[in-house]
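Novice: Residues per chain are reported as follows:
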Amino acid sequence: MCRCFVVMLMLFFTAPALSDAFDITIISSSTENRLKAGKSFAGITVKPQRSVQRAVNLALFESSALLEKAGVQARVRQLELDFTSDIAAQLNTVSLPGFVILDLPLTDMERVAKLTNEMSIAAFNVRHSEVYLRESLCLQHLFHTIPSDRMYFDALGQFLIHRGWRKVLVVQGPSQRDSERAQAMIASLKKFGANIVDVRTFTLSHHPDDRDKNRPGFLTGGVSYDVVAVIDSQKDYGRYLQYSTRSARPVVGDVGLTPASWHFALERYGAPQLNERYRSFKIDEPLGSQVAMTDAEFAAWSAVKLVSNSINTSNEAAEFNLNAILNNPASQVDLYKGTRGSIRQWNNQLRQPILMATADAVIAVAPMPKFLHPKHYVDTLGLDEPESNCQLR
Amino acid sequence: MPLQAATVVIANERSGDLVFMDTIGDTTDVVPLCQRPRGMAQHADAGSLFIACSDDSRVIELDIDNKQIKRFFSDIPGAMSLALHAASNRLIVSNEGYAKATVLDITTGEVLASLPTGLEPDGVVITDDGSRIFIASENAGLVHVFNGETYQPINTVTTNLRPRRLAIREQELWVSSEMGSRVEIFDIASLDKLDEIIFAPRGFRSEQLTPVDILFDESQETAFVALGSANHVVFIDAVTRKIDKYILVGRRPWGLGLTPDGDRLFVLNGLSDDVTIIDVEKKRPVRTSRTGLVPHSVEIVR
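Line order of the protein sequences matches chains D and Y.
Heads up: the first sequence begins at 1 in our numbering, then just goes up one per residue.
Heads up: the second sequence begins at 1 in our numbering, then just goes up one per residue.
Honestly, the hints are just simulated from the structure, not real lab data.
It is possible that some hints are incorrect.
Stretch by stretch, here's where chain D covers chain Y in the computed footprint (C-beta under 8 Å, at least three residues) [to be verified]:
#1 28-39
#2 116-129
#3 158-164
Chain Y side only, calculated, beta carbon under 8 Å to chain D, not exhaustive [claimed, not checked]:
#4 Gln-42
#5 His-43
#6 Glu-138
#7 Met-179
#8 Arg-202
#9 Gly-203
#10 Glu-207
Chain D stretches covered by chain Y per the calculated footprint, using a threshold of three residues with CB under 8 Å from any CB of chain Y [claimed, not checked]:
#11 42-52
#12 133-142
All C-beta atoms, glycine included, are put in the ideal place defined by N, C-alpha and C.
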């Protein structure tokens, strides 16, 4: 496996100079500390955060033959922004037509996205699922290849209804982000007909006065439910709710059965091939057998593949035109999830199936059977065109 | 009309065995074989069946009559699909995960060539005269074309998303695009795209149609295509390229096989572990029979 990559990389990268250039710029922040991110108490990493660089390089490697055939020379560039000095000046170094992947914390990303939008640079949000980015912010040149909160939670809602688990006890964390996400989840669950029996908030305190808010048995007692849906953005508490609920019921949401856009254990749709390629992509840095792209990495990979897959499917041998590809509703990407992805024209969100997965298995792929839609079944996930306040095209 | 005697051999990738059936669909034997048998090719004159054992990195040559292994071809990693050119004793094997295909001399066991393809090579065909080899690469979205004698790459053909299987009909190359939900037809000499066939069975969306195997009848007037997630097989008038009929089968049909008399089409349902047997003349299923686990491909031998 490894040896073939060396050979192929040489083949692709020693190709003669080509007419069109396609720069992929990964924008990161000089001050973001990823080592601290995603860590719970006592330094346990529960939600790894990595740079999306490996995934972008992999996507470009996979696209090499097609880009070469199309006469397009592509390369990956890193741009680490210093947020203490003039951002716009730093962004001026992006070559046009721009294609940037925003590997940034939320506030930084929003700031940069507004600037790249003014500069008509196509930018990809690959990390943030906040609904408002696709709704009130609604930028013409900002694309979202990471699913929105509503897409993730609609998948959960469909799954619960499909299983007949209608009575849901919602348990949420104390942070602002927890409240926002709990609201998004409740809206999704209600949309598909679930019955929210109660909404409770946990605290991390062990103080006896708080026992109805911190002991799982109390927190989940006194009410009848089919399932506990937990929102715990920090993943500090929710992990310990499993196997500790007052009634013997499954835990879903941020722990237990979780919606995700990618998973190491997806067995179908060619996914094992992609996972193996990702793990062994860097010969010097092979990854462990259960390591897969994070949702952010998968989103970055999807952005690059959208371009190369759509060169592939446009029938004319026309000149390479990045913006034409991104604005073409027929552009598509093979996501290794059984249904091809494409861009929702109203809010620039990549439509895609969502995996419902535990720590070691993909239990279902949403949209679930019988959730129908007049145009695209995957548009039962997330805010649909008539529901969205963002109407870009 | 009585059915002509023939033996149906089904390779099951998960149970690692071959199921032998008669053309009525009664199992006559089950032979444990290897890890993840997938592509097969029959060599009628030699009485042999070649089977790609993907997770054993080898290809097995099986004696069809006594079901004994004649020989192994080892060190063929990720062996997936096979194409046999009997006249020149060559077998072409796509090496999934290794971005190449291996050309074997089946008399000496020698590797004659290693053909560089795109990522995730699957379907392989060679023209009857042995002059051209075509290999589809799922990830790359390309069909690589090689000179069948010198093994020099000639060209690549851009396809729709995820090209899977290839079939040759006269001067046409038919390519199933699994994620593009269509079959594309190219001219073998010029490699120009001639046409494409889009599927639309009633009640289905385009994206639910994931075509894989393509098979022609002996006259090459009818094409059969297995439609994967749509759980249907389709009959196509290969001359006019018009859809004739969609037939409901089991879950996720991929592999197809036709009896030598052309009367029965065997459709392997990979996710329901069974085979749907279709009366080709009446265009309707006559029986569903149990197979091994995850049936992948079928060869029907006299």
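Novice: Could you run down the list of hints and mark each one as holding or not?
Specialist: Structure-based check of all given hints:
Given a C-beta distance limit of less than 8 Å, the hint that chain D covers the region 28-39 of chain Y is violated, as 0 residues qualify and 3 are needed. Counting residues of the region 116-129 of chain Y whose CB lies closer than 8 Å to any CB of chain D gives 4, which reaches the minimum of 3, so the coverage claim holds. Remark: the region 158-164 of chain Y is confirmed as covered by chain D, as 5 of its residues place a Cβ nearer than 8 Å to a Cβ of that chain, reaching the required three. Annotation: interface hint on Gln-42(Y) violated; nearest CB of chain D at approximately 27 Å, more than 8 Å.
Hint on His-43(Y) is violated. Least Cβ distance to chain D is approximately 29 Å, over the 8 Å limit. About 6 Å separates the beta-carbon of Glu-138(Y) from the nearest beta-carbon of chain D, less than 8 Å, and the hint is met. A hinted interface residue such as Met-179(Y) counts as satisfied when its beta carbon comes closer than 8 Å to some beta carbon of chain D; here the least separation is about 4 Å, so the hint holds. Checking Arg-202(Y) against chain D: minimum C-beta separation of about 15 Å lies over 8 Å; hint violated.
Look at Gly-203(Y): its Cβ only gets to about 10 Å from chain D, farther than 8 Å, so that hint breaks. With 8 Å as the threshold, the beta carbon of Glu-207(Y) comes within range of chain D, its nearest partner Cβ sitting at about 5 Å, so the hint holds. Evaluation of the coverage hint for the region 42-52 of chain D: breached, as 0 residues show C-beta separations to chain Y shorter than 8 Å, against a requirement of three. Using a Cβ-Cβ cut-off of 8 Å, 0 residues of the region 133-142 of chain D lie near chain Y, which falls short of the minimum of three, so the contact claim is violated.
The earlier numbered hints that this structure contradicts are 1, 4, 5, 8, 9, 11 and 12.
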